[in-house]
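A.B. asks: Chain residues, written in single-letter form:
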Amino acid sequence: NAGVTQTPKFRILKIGQSMTLQCAQDMNHNYMYWYRQDPGMGLKLIYYSVGAGITDKGEVPNGYNVSRSTTEDFPLRLELAAPSQTSVYFCAVGRTNQEQYFGPGTRLTVT
Amino acid sequence: GIQVEQSPPDLILQEGANSTLRCNFSDSVNNLQWFHQNPWGQLINLFYIPSGTKQNGRLSATTVATERYSLLYISSSQTTDSGVYFCAVVQGGSEKLVFGKGTKLTVNP
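Note that the protein sequences, when read in sequence, are chains A and B. Counting in the numbering used here, the first sequence runs from 15 upward without gaps. Counting in the numbering used here, the second sequence runs from 21 upward without gaps.
Next comes chain B alone, as it looks inside the complex (with noise of 0.2 angstroms):
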């Protein structure tokens, strides 16, 4: 099955820093998202991008498709950006998502 792999495994941040978030996959996808797990344990979808680019106020991600990975952009950080951040995959011809291990960010004030 495809391979996903997150970069840096963590990442510890004061406030005010930039960050960007790595993805590489294995395979073409159908399917690529970006969430982030606060210290509740809570999903939260950041950004739907099988490919090209989208900003979310100080979010942004890349996906170069062709190229097999995925960048998140973190702007201007603060400290309830921390927790953990995933990214996951839909294989072409699944409709399975496959999980990266995540990215643990931690930003002090």
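The following block holds chain A by itself, in its conformation from the complex (with noise of 0.2 angstroms):
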């Protein structure tokens, strides 16, 4: 099983291009969430999923949409990349008062 992973590993964008970054699990989890990490900080929570076709903000949503069209797949969606997007970002995925577990994470680098 491949658990949680997170394509692109590196990327680099110009302001205001745009870009995908792409989740997709094999454990059956219902929760799936976007996370970035700043330089020298915790994780800060971005979106997150309940399940197909529901979604909810986080604590740093702007800048960023979601969608969740089936139970595997959890995208985020970039649309005019600033600098102050610079970061990881991390998807992981849980169930109701379980453990997340993290995918390797996409480092993304916005110029």
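All the pointers check out, no bait thrown in.
Below, computed lysine-lysine pairings styled on DSS-like, alpha-carbon distance capped at 30 angstroms: (1) B/K116 with B/K74; (2) A/K58 with B/K121; (3) B/K121 with A/K23; (4) A/K71 with A/K58; (5) A/K58 with B/K124; (6) A/K58 with A/K23; (7) B/K124 with A/K23; (8) B/K121 with B/K74; (9) B/K74 with A/K58; (10) B/K116 with A/K71; (11) B/K116 with A/K58; (12) B/K124 with B/K74; (13) A/K71 with B/K121; (14) A/K28 with A/K58; (15) A/K23 with A/K71; (16) B/K116 with A/K23.
Coverage of chain A stretches by chain B, computed from C-beta distances (three or more under 8 angstroms per stretch; other residues unrestricted): (17) 57-66; (18) 106-115.
It should be emphasised that the hints constitute simulated quantities derived from the structure, not laboratory data. Please read these numbers as outputs of a predicted model, since none were measured by experiment. Even glycine gets a Cβ: it sits at the ideal position worked out from N, Cα and C.
Both chains are sitting in their own frames, so use the hints and assemble them into the complex.
C.D. replies: What follows is the structure, encoded as structure tokens:
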């Protein structure tokens, strides 16, 4: 089992470009999450989903969009990339009142 | 929202030493996890411990939910233990994991 996979591993964007970060799971967990981690900091929640078709904002949602059409996939969309979005992005999965498992991360630089 | 504070922020040890990392949280929690972020950035699950005590090899953790703190013990530390240790909690009634700022551990040979 692959667990939680994220693509790409690294990406450099120019200001104003858009991109989609992919997250996929084969663990059949209903909850999926997107976090960002800025240098020297803990992770902050961007968006999360409790199941297909249901998404909600986290602590830092501005500048991002998500959708969840299947249990397995939870893509994160950046529409107009800004330098403040330079960060490492982690996807995670979980079940109600159980531990969360994290993917390997995507390192994004916006210049 | 719930606040999570970790101490110390930085810790430097010699190989073989023991250490205790602390996590304080400001409200009742349904979920508490300890993670190790290795130097390559990977987040590794150490413990899922909303209450009680667990042990896994040289690592153990204790959460006293009524007093709103958790402790992570590392015994006989090794250089491979280096990295950042995060505590993260889910507040009652939520499914959102809130992270502390971490403890950066450096184990020197």
